[in-house]
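Novice: So the protein sequences, as listed, match chains H and S.
Just remember that the working numbering sits 21 ahead of the position in the first sequence, which is counted from 1.
Just remember that the working numbering sits 21 ahead of the position in the second sequence, which is counted from 1.
It is possible that some hints are incorrect.
Remember, identical chains collapse to one label, so a pair may be satisfied in a single copy or spanning two.
[Unchecked claim] As a list, the in silico DSSO-like pairs of lysine-lysine whose alpha-carbon atoms are at most 30 Å apart:
1. K260 with K366
2. K156 with K83
3. K149 with K392
4. K292 with K385
5. K486 with K65
6. K524 with K388
7. K263 with K388
Simulated from the structure, these hints should not be mistaken for lab results.
There are 2 protein chains.
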Amino acid sequence: MSRIHSNWWSNALGCLLLMAWVPLGAQVASAEAVPQLSEEDFGKAEFIYFDRCSGCHGALRKGATGPNISDEKMLKKTLIELEEVIFDGTEAGMPGWGRTGEMTKAETALMAKFVQHPAPIPPEMGLKAMKESHKIIVPVDARPAKPQHDRDIQNYFGFILRDAGKGAIIDGDSKELIEVLDTGFAVHIFRASATGRYFYTIGRDGVVNLIDLYSDKPKVVASVRTCLDARSIDVSKYKGPKGDFEDSLAVVGCYWPPQMVVLDGQTLEPKKVISTRSSTYDTNEYHPEPRVATIVASHADSEWVVAIKETGMVWLVDYSDLDNLKMTQIAAERFLHDGGWDATKRYLLLAANMRDQMVVIDTKEKKFVTKFETGIKPHPGRGANWIDPEYGPVSATTHLGEGKITVFGSDPAGHPEHAWKVVREQETMGPGLFLKTHPESDNIWVDSTLAKDEGDNQKICVYKKAAFDDGPKCWKAADHGKIVHFEYNKAGNEVWTSVWDRKGEIIIYDDKTLKEIKRIKGDWLVTPTGKWNVYNTVHDIY
Amino acid sequence: MSRIHSNWWSNALGCLLLMAWVPLGAQVASAEAVPQLSEEDFGKAEFIYFDRCSGCHGALRKGATGPNISDEKMLKKTLIELEEVIFDGTEAGMPGWGRTGEMTKAETALMAKFVQHPAPIPPEMGLKAMKESHKIIVPVDARPAKPQHDRDIQNYFGFILRDAGKGAIIDGDSKELIEVLDTGFAVHIFRASATGRYFYTIGRDGVVNLIDLYSDKPKVVASVRTCLDARSIDVSKYKGPKGDFEDSLAVVGCYWPPQMVVLDGQTLEPKKVISTRSSTYDTNEYHPEPRVATIVASHADSEWVVAIKETGMVWLVDYSDLDNLKMTQIAAERFLHDGGWDATKRYLLLAANMRDQMVVIDTKEKKFVTKFETGIKPHPGRGANWIDPEYGPVSATTHLGEGKITVFGSDPAGHPEHAWKVVREQETMGPGLFLKTHPESDNIWVDSTLAKDEGDNQKICVYKKAAFDDGPKCWKAADHGKIVHFEYNKAGNEVWTSVWDRKGEIIIYDDKTLKEIKRIKGDWLVTPTGKWNVYNTVHDIY
């Protein structure tokens with residue numbers, strides 16, 4: 022039985038302060054009130070929690086984008102109250118898991134009981150366990166020296182088929198499906214290696230797959246599990262005086278354990294674990310679960326830009342010497358989420374989505390520049406960069422919390438008067454996840470995946486760079502599912518998007534005419550979500 | 022009641038490995054067997070554990086220089102067995118706390134029961150709690166602009182009076198006691214600010230005191246508590262293109278919570294908490310309690326060299342921009358303890374005392390150089406640097422585990438063939454804590470504080486730099502207590518040492534003749550241990 026430690030820490034030494042206790046014994050006090058759960062049900066609830074809840078509430082339930090839902094707090098509510106919230110959701114942004122059909126009535130009842138139990142602490146995962154999970158399926162020297170086909174891998178697309186636990190590779194030129202690959206649970210993103218030869222996938226379960234695009238049929242050539250819960254992966258892109266790191270390393274950003282893991286880029290052999298457990302940027306209080314949000318590879322230096330969500334820190338991690346690891350830890354804002362480069366790839370623009378702000382990091386000077394409000398929960402994805410006729414180079418973000426695109430100046434050298442200031446705003450159909458453009462395009466494509474009004478989340482809106490304030494052209498692109506995420510082809514003249522449901526579709530548009538070129542359907546198209554064009558991903562074109 | 026989490030993490034996802042569980046429920050399983058302890062006795066045991074045991078076994082009892090003594094392991098032993106070990110000690114190095122009179126029979130019995138209970142996890146300590154403990158007793162602008170006396174503060178000595186919870190300031194010129202100050206529980210070290218104006222003390226309880234030496238009677242002008250358990254403090258010494266940091270910052274190295282804390286050097290206002298929770302340098306497994314051993318300030322750059330004990334990492338922390346904090350994390354060896362500069366102040370020489378090795382860090386190139394064996398548990402303190410007639414510039418260490426001084430080359434530029442190689446060894450009276458020399462001296466002074474043979478720990482031995490292999494001149498310097506630690510005066514022609522017991526003494530020798538100049542006694546001299554001369558501490562002269 023655990024025990025509240027006595028108070029000598031604060032007074033036996035005649036010291037200076039009254040300490041706030043860690044209430045170790047608090048779990049014991051209300052043991053009688055905790056609803057019974059069988060080991061089997063508890064395990065089931067743990068999985069549902071991981072799948073649906075931990076993203077917002079954290080593995081330890083201490084709260085993040087969602088509130089703290091410790092057993093202490095949850096025991097103050099009735100099971101009926103809890104079940105209602107889980108089933109119906111809240112105005113504050115909690116999804117109604119029962120209402121949307123993602124949980125059954127029995128499951129929402131189970132989860133109500135589960136959250137009245139102390140949060141089980143997931144195990145650690147270190148190098149030994151990772152190595153045990155590591156598989157080289159095709160050794161490096163058994164891989165082809167050049168492509169075994171005459172397709173252009175630079176125009177390949179990697180597609181997530183989320184709920185199928187698969188990923189699809191589609192040829193952007195012929196628009197043919199080349200292969201569907203088992204990638205494990207809920208792949209979150211694809212990243213292409215610096216030469217474009219490999220795709221890396223990271224699953225919600227922390228499993229990394231390395232896909233060789235030189236094979237006639239793209240093939241998983243290595244895999245490894247690096248965490249129990251993950252969201253991000255990126256690669257080393259630097260080639261210069263410090264060495265050639267193209268296709269040399271990959272890095273995984275874990276949610277649990279809170280850590281980064283550096284992998285060999287060719288074999289996925291785990292090489293280095295970097296813990297992110299640390300203190301919040303502002304209040305300097307220890308956080309037990311600072312999760313790694315996005316990771317972006319620098320082109321100019323041997324560095325990854327790593328957004329640490331809960332602490333609000335941005336870490337620039339220099340991968341050129343892992344044994345003498347250089348790092349810059351930049352105080353930014355909470356809670357950091359995703360982001361991408363400005364057009365010059367000097368500044369990283371990151372969303373601090375619980376502070377309704379965008380944060381600007383100067384990766385050349387390796388310091389914080391500024392932060393500014395844009396709207397409720399900015400969510401730029403990688404963002405979008407273009408030249409505004411009046412304000413010069415600008416960047417933009419959508420928002421999770423409101424239907425709004427915010428455009429801000431991002432050219433401090435050429436247009437200092439507009440830099441990091443909001444210059445344009447446009448209301449959209451509803452809260453969205455992504456927007457996208459391309460230097461060759463006149464357009465900005467926007468989804469409204471989270472829009473509440475019937476059908477609005479099935480619409481696509483396109484703004485003109487030359488006349489942004491004139492508003493978008495919008496149309497309904499599907500009569501089922503939700504439209505989510507855009508990606509250009511290599512040439513920048515087509516836009517690909519997903520209809521996200523179990524009978525998913527891929528729609529390809531001509532960027533100039535906004536006409537539909539092709540609509541891909543098929544049994545294999547289960548819950549298509551994100552997609553990445555090799556060339557645009559390698560070169561950070563958005 | 023805590024619960025073993027179910028195993029979905031490893032198999033519900035069809036993932037790749039069998040995970041080793043964190044046995045959260047282990048505490049519950051054997052609850053019947055745990056001996057009863059009242060809340061009062063438990064608190065008393067916690068304090069004794071902190072005072073006597075945690076240094077070696079760690080706050081979480083997971084082991085460090087001493088073995089893991091978790092409740093699971095301790096429940097496999099009988100209370101009688103445990104009591105015997107605690108009372109009598111072991112050959113492996115565990116002190117016999119009863120035998121030496123430091124614990125009563127009742128206390129050793131209490132501790133035997135205590136270690137069969139789960140280790141209580143001490144609370145965190147963040148900026149808010151630190152600020153609540155922070156006191157400015159004399160504001161900066163109320164302090165004198167120049168010394169209020171005509172003594173030479175550069176030749177002041179700060180003395181620890183360990184068990185009195187006090188510190189003494191002694192004038193090195195007149196050898197008069199100037200002031201005894203309340204410094205709180207078990208001060209571990211004094212450090213002088215870069216100009217020498219201030220002394221900083223750090224207590225085992227994490228309390229920092231700032232002592233102004235300009236006052237006629239040295240005065241505590243500020244205090245703060247930054248951790249619950251601490252060992253190290255240092256100051257910012259850099260003045261150059263990046264700014265003038267003399268007397269500007271201090272940094273505390275905590276044992277618990279495992280963190281560094283940066284303070285304003287003039288007010289002790291806490292500014293930044295840097296967690297050290299991270300992974301081991303070699304196996305890359307997460308360690309929950311990586312304690313900060315020694316911290317050494319660079320003279321050439323705005324950096325602290327921070328030895329992280331359990332992970333075996335050396336962190337170079339650049340304090341010139343706390344909001345955009347640059348750091349180099351260098352893989353070294355376990356368990357890092359203390360150390361100091363070579364004569365050029367480019368290389369830091371650190372003991373990895375559970376690997377019987379010295380580690381060499383190049384602070385100019387910011388990388389690991391090498392590590393090499395010297396003897397059982399090297400313990401150099403700051404070390405000692407001199408010119409050997411045959412091998413050129415050398416450095417040396419004593420050992421905790423055997424009576425041996427090891428001398429090694431430390432001039433890779435001028436004498437690369439001897440650099441970081443053992444060139445001389447000499448057996449001493451017994452295991453010791455410290456050795457010391459000074460550039461103006463022909464001698465090296467050595468204690469044998471841990472010697473077991475009656476009286477050997479009351480002896481002092483002095484070696485000649487010019488004829489080290491001829492062996493030392495030794496003499497018995499006290500008939501009570503133990504001789505511990507040496508410090509030169511500013512001129513480098515006197516050596517000060519302590520007779521460590523409740524009727525403590527300070528002995529001052531002429532370094533040339535080895536004759537006793539003065540022996541200071543007094544009721545105030547309770548357990549004098551370490552001592553620091555302002556000038557030598559500021560300039561790292563050893």
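Novice: Hint by hint, note whether the structure agrees.
Specialist: Comparing the hints with the structure gives:
no. : hint           : verdict
1   : K260 with K366 : within (15 Å within a copy, 34 Å between copies)
2   : K156 with K83  : neither (35 Å within a copy, 32 Å between copies)
3   : K149 with K392 : between (40 Å within a copy, 25 Å between copies)
4   : K292 with K385 : both (27 Å within a copy, 26 Å between copies)
5   : K486 with K65  : neither (49 Å within a copy, 71 Å between copies)
6   : K524 with K388 : neither (46 Å within a copy, 55 Å between copies)
7   : K263 with K388 : both (21 Å within a copy, 15 Å between copies)
Checked against the numbered hints above, the structure breaks hints 2, 5 and 6 and satisfies the rest.
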